[in-house]
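Line order of the protein sequences matches chains D and L.
Take the first sequence: its letters are residues 1 to 495, numbered as in my numbering.
Take the second sequence: its letters are residues 1 to 495, numbered as in my numbering.
Quick caveat, the hints were computed from the structure, so don't treat them as lab data.
Don't be surprised by glycine CBs; every beta carbon is placed ideally from N, CA and C.
A short, non-exhaustive set of chain L residues, derived as facing chain D with CB atoms under 8 Å: (1) D27; (2) M32; (3) P33; (4) E39; (5) Q43; (6) G225; (7) D241.
Taking lysine-lysine and the DSSO-like style, the derived pairs with C-alpha atoms no more than 27 Å apart in a straight line are: (8) L:K365 with L:K386; (9) D:K208 with L:K208; (10) L:K103 with D:K13; (11) D:K386 with D:K365; (12) D:K13 with D:K103; (13) L:K13 with D:K103; (14) D:K457 with D:K216; (15) D:K386 with D:K188; (16) D:K208 with D:K315; (17) D:K13 with L:K13; (18) L:K485 with L:K188; (19) L:K103 with L:K365.
Residues per chain, in single letters:
Protein chains: 2
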Amino acid sequence: MSAYSALEARFRKRSILGGASAMLGWDNAVIMPDGGAEERAEQLAVLGVMGHEMMVDPAIADFLDAAETEELDAWQQANVAEMRRQWRHATALDADLVEALSKATSRCEMIWRRARADNDFAALGPSLEEVISLTRQGGQAKAAAFGTSCYAALLDEYEPGCTEAEIDRLFRDLEAFLPPFLSAVLEKQAAGPGFSRPGGPFAEDTQKAVGLDLMKALGFDFNRGRLDTSHHPFTGGIPDDVRLTTRYEADDFTQSLMGTLHETGHALYEQNLPRQWRHQPVGAARGMALHESQSLLVEMQLSRSPAFLSYVIPKLQKAFGGTGPDWEFENLMRLYHHVEPGFIRVDADEVTYPLHVILRYRLEKALLSGDLPLGELPGAWNDGMKELLGVTPPDDRLGCLQDIHWPGGAIGYFPTYTMGALAAAQFYNAAEQAIGTLPEQVERGEFTALTDWLRTKVHEVGSSRSTNQILEAATGQPLGTEAFKAHLKRRYLTE
Amino acid sequence: MSAYSALEARFRKRSILGGASAMLGWDNAVIMPDGGAEERAEQLAVLGVMGHEMMVDPAIADFLDAAETEELDAWQQANVAEMRRQWRHATALDADLVEALSKATSRCEMIWRRARADNDFAALGPSLEEVISLTRQGGQAKAAAFGTSCYAALLDEYEPGCTEAEIDRLFRDLEAFLPPFLSAVLEKQAAGPGFSRPGGPFAEDTQKAVGLDLMKALGFDFNRGRLDTSHHPFTGGIPDDVRLTTRYEADDFTQSLMGTLHETGHALYEQNLPRQWRHQPVGAARGMALHESQSLLVEMQLSRSPAFLSYVIPKLQKAFGGTGPDWEFENLMRLYHHVEPGFIRVDADEVTYPLHVILRYRLEKALLSGDLPLGELPGAWNDGMKELLGVTPPDDRLGCLQDIHWPGGAIGYFPTYTMGALAAAQFYNAAEQAIGTLPEQVERGEFTALTDWLRTKVHEVGSSRSTNQILEAATGQPLGTEAFKAHLKRRYLTE
Chain D
1 MSAYSALEAR FRKRSILGGA SAMLGWDNAV IMPDGGAEER AEQLAVLGVM
51 GHEMMVDPAI ADFLDAAETE ELDAWQQANV AEMRRQWRHA TALDADLVEA
101 LSKATSRCEM IWRRARADND FAALGPSLEE VISLTRQGGQ AKAAAFGTSC
151 YAALLDEYEP GCTEAEIDRL FRDLEAFLPP FLSAVLEKQA AGPGFSRPGG
201 PFAEDTQKAV GLDLMKALGF DFNRGRLDTS HHPFTGGIPD DVRLTTRYEA
251 DDFTQSLMGT LHETGHALYE QNLPRQWRHQ PVGAARGMAL HESQSLLVEM
301 QLSRSPAFLS YVIPKLQKAF GGTGPDWEFE NLMRLYHHVE PGFIRVDADE
351 VTYPLHVILR YRLEKALLSG DLPLGELPGA WNDGMKELLG VTPPDDRLGC
401 LQDIHWPGGA IGYFPTYTMG ALAAAQFYNA AEQAIGTLPE QVERGEFTAL
451 TDWLRTKVHE VGSSRSTNQI LEAATGQPLG TEAFKAHLKR RYLTE
Chain L
1 MSAYSALEAR FRKRSILGGA SAMLGWDNAV IMPDGGAEER AEQLAVLGVM
51 GHEMMVDPAI ADFLDAAETE ELDAWQQANV AEMRRQWRHA TALDADLVEA
101 LSKATSRCEM IWRRARADND FAALGPSLEE VISLTRQGGQ AKAAAFGTSC
151 YAALLDEYEP GCTEAEIDRL FRDLEAFLPP FLSAVLEKQA AGPGFSRPGG
201 PFAEDTQKAV GLDLMKALGF DFNRGRLDTS HHPFTGGIPD DVRLTTRYEA
251 DDFTQSLMGT LHETGHALYE QNLPRQWRHQ PVGAARGMAL HESQSLLVEM
301 QLSRSPAFLS YVIPKLQKAF GGTGPDWEFE NLMRLYHHVE PGFIRVDADE
351 VTYPLHVILR YRLEKALLSG DLPLGELPGA WNDGMKELLG VTPPDDRLGC
401 LQDIHWPGGA IGYFPTYTMG ALAAAQFYNA AEQAIGTLPE QVERGEFTAL
451 TDWLRTKVHE VGSSRSTNQI LEAATGQPLG TEAFKAHLKR RYLTE
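Sequences are here, hints too, so could you generate the full structure?
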């Protein structure tokens, strides 16, 4: 057996184990009674440690060295490169740090839930301090091993190969563009007609039926996945058993609808990953930026387009028995295109969302470097909100306590949301040009040309190329801001 | 660290891994889309192999030898004995046989599903032959290691320490008692008034609400468990997250009701296992006979008693809006006490059920020894049904193709159903004597005295004693047929 084959066998086993964890994680969020939490944490910890042990086995290092000299085809080479990257992440941390981080983040997430509910930042302080300190230790160990900055080493977990310089280039551009653009949009909105929200209640069953109908239209394979309900919508599971969740509000169907469509974008990426590379690193989704690009392409680019709204609004009118001015196309389009600076990132529209991300990017770098002492975070947060969005959160619950990411040790994750938004605009623009009659097809509820394009250009590529290589092959350009800005201008100042 | 502590740590990890498998197995039966089956089988196989590898690690043998000479308290000693028993089972088989058995049974179960639907025993033949042959090999390897018969070695997996002599003693008694008793019951039934089945449809939500209500009354802890729906009702999960399932028929609420109560008996055993011995072999349920005794105690002894029916019938009348003669106590009691020889074991009443089991016991021993060639199974099955139950299945679907046990490699399992029925009668009789006013309490919906008795006498004992020691301590006798026969006579010839 070649070293390469030995690696394939080991990574396959590790991926299967990871799949088991993914299913248990889904159950955790969707099904599990509270009393099962402690045992579930034990199960996930045992599986996690076993996966880590497989990676740090010295045999892997030998196999990697040998495989890098073997004659391999392009996918196999990409597979080895991705194995090496994952191996470097795993071996950079000693077992004690892995365990300490796992325990500290579990604890901090629990404390965070209470602290957020109680609007009590002080209660979170010591525990979050510990998580940041351990994350910094991990980042420094990886930085030493990879020869990058500490922040870039953390970023590489979520968006392989991404550098601070790339983010700075993109974000500086958005920082210059968005605030004046936002003012112009708000001005135009204020001058135009407002919108009114259709009145509920909207039966959960009906909301779900509409969601299922749209998932089906978009090509979600229900033989290999499900739609369920959870407090925080997410896409979990594995490529052959993708578990989407959404949540339903009785007085507002609009959020669950767009939430379901967003997760469907993630799900299609997972379901269409290259089957022949199942369980190999090269067969997995490329990174968080591309993953978010697929969800935002469906939610923001496709589903809020006039063509899609023309297609879906008659369905909504029929499903909910909606009649009258609230249910007219123009009103619902204004509702779905409404822009308003707010306190909460997950509720933000696509114009203001990047400003939330830029704030977090600034702050997490400063926390990591130590430039920002944790005690000063609430003040720095509120100053940043004022500067970027023109609003000041009335309390920390609506401010620096809103996200689970930092308590969970996820520093370096936030930028991928906005990179995903940029990539979504770039992909959609290229797809429109390639397909020619995309809006007409969308208006008729025909999505095959679009999803085929995404499948061949993005999904089936897996991790065989870098994010920027995938973008260049599909759109002619590496990741940039032009398509996104053009999209915003067209939708919010022209349409 | 003592050898004993080292063992505790290793068995704990293995049990946590087993818990992960249990949750995935539940998901498999209840939630999973069909397309996920292949990956799920991979996940369970990887987890199973890892659990097996932990057991056959040579260090375990050394720790066991050493721990058996260490100074331990009674529970620790029982724990080591149970570890030794599990270790002997795991190490008796070489890895190739374990893998071959796992693959052959997965394949055979799939073929069986189709063969049963098609009523095609010939299609099952080669695959079942392979499973029986591999099971025989495994049994012989264990028999050589344990110094028992091949059948007893297999039996020990399901009912530790049980011998063929014990089963023969119990079953010979039942074989002599049941056929004439059955005739007498059928005669009495024919002479008395018949019963009529309340007409449906019965809304699934209502059936479920009644089931949940009764589970709650019996003390099921919903913070550590759930009720869901599956094609074949079962109790899965782990003690702190017990997953019950049942199924609902629109035109008959009686089966789902008794099915839910049956599984609740299993569930209470799991939820009440000794918490301080969680994840240790001594903290697990004693064996399949005692497990079935708890489900049958709730379903057959308690829930079909006149006292319980007096308690539950007004609830049913209210829930389903049932009025008129079909809904009267006397009619529903006759329905729930109706005896009728049939073809299908899982649909059998408590009088005829043991005869189904006795037939399977005879046949599986003959298949294992080779005395009965597989090709002759259908004929032998039908002859046995005629002899024991007086009926002849019209086809193999209603005959030797009905059970999944043999295709799944479970030879030695069937006797535990009837041992459980005997133990249930013995426990209930002892509980009635100890409590004094049990029927009066049950009629008022008060179950605490009964469930407390079961908890202290059975559940919390875990595997710290043998099945017969538990029975003797609780009832004054090892497992026997007297209480069961007395129960049948009282219910079916006297009441």
